[in-house]
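Let's have the full structure, built from the sequences with the hints guiding it.
Which chain is which? The protein sequence lines are Z and F, in order.
Per our numbering, residue 1 is the first one in the first sequence, and the count goes up by one each step.
Per our numbering, residue 1 is the first one in the second sequence, and the count goes up by one each step.
Hints may contain errors.
As the list claims (entries may be wrong) - The list that follows gives simulated cross-link-like pairs (lysine-lysine, PhoX-like), each with its CA atoms no further than 20 Å apart:
| id | chain 1 | residue 1 | chain 2 | residue 2 |
| --- | --- | --- | --- | --- |
| 1 | Z | 50 | Z | 67 |
| 2 | Z | 26 | Z | 50 |
| 3 | Z | 26 | Z | 68 |
| 4 | Z | 67 | Z | 26 |
| 5 | Z | 37 | F | 38 |
| 6 | Z | 50 | Z | 68 |
| 7 | Z | 37 | Z | 59 |
| 8 | F | 44 | Z | 26 |
| 9 | Z | 37 | F | 44 |
Unchecked claim - Coverage of chain Z stretches by chain F, computed from C-beta distances (three or more under 8 Å per stretch; other residues unrestricted):
| id | stretch |
| --- | --- |
| 10 | 38 to 44 |
| 11 | 95 to 105 |
Keep in mind that the hints were calculated from the coordinates and are not lab data.
Backbone N, C-alpha and C fix where the C-beta goes; we use that ideal spot for every residue, glycine too.
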Amino acid sequence: QQPVQSPQAVILREGEDAVINCSSSKALYSVHWYRQKHGEAPVFLMILLKGGEQKGHEKISASFNEKKQQSSLYLTASQLSYSGTYFCGTRDTGNQFYFGTGTSLTVIP
Amino acid sequence: DAMVIQNPRYQVTQFGKPVTLSCSQTLNHNVMYWYQQKSSQAPKLLFHYYDKDFNNEADTPDNFQSRRPNTSFCFLDIRSPGLGDAAMYLCATSGGTVFSTEAFFGQGTRLTVV
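Written out as structure tokens, the structure reads:
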């Protein structure tokens, strides 16, 4: 039931863009996105509800395709502060919640 | 100001010796969660409360128990810690109903079992 994220890891130069994908085998009610820096707690980025919603948060945005049970996180013009591990979290229609497998993102100067 | 506070930040316990981790919140949120996070893995939900209603995840070992005496406080009890229980334990809260809004995480308690 744990959603699968891709890629597992990515290295970017400052200013480059990235896409992180999250795919579930279950019908979803919502998708959450969090970023966790090493040794710190996860920090909320956004929630997307079913309905094909797309949300934005400065240069970070996301989409949710409920039919495909997938979500994507888009990071544009990356900054050093974007480095960390990104987790999607999926709430399925049975009200179970699982964090995804994680994507390690490193931004270098 | 910290809104979800976990104590202690680091805990060392002996194999088989009961240990309690604590969490408090100033957000007055209905929902509180406990997660276990092992190195290089995603957080794994152990249980959650909606007010006093307790929900234990199906695969949470019986060795793990929880108490929520009031809205502000929640405790995680590990009755007989094994070496495999060494992990970061994260407490989180959210408003609204379970999993419906953003979760606010505490800084975690890193548990070492010796």
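_Hints breached by this structure_ = none
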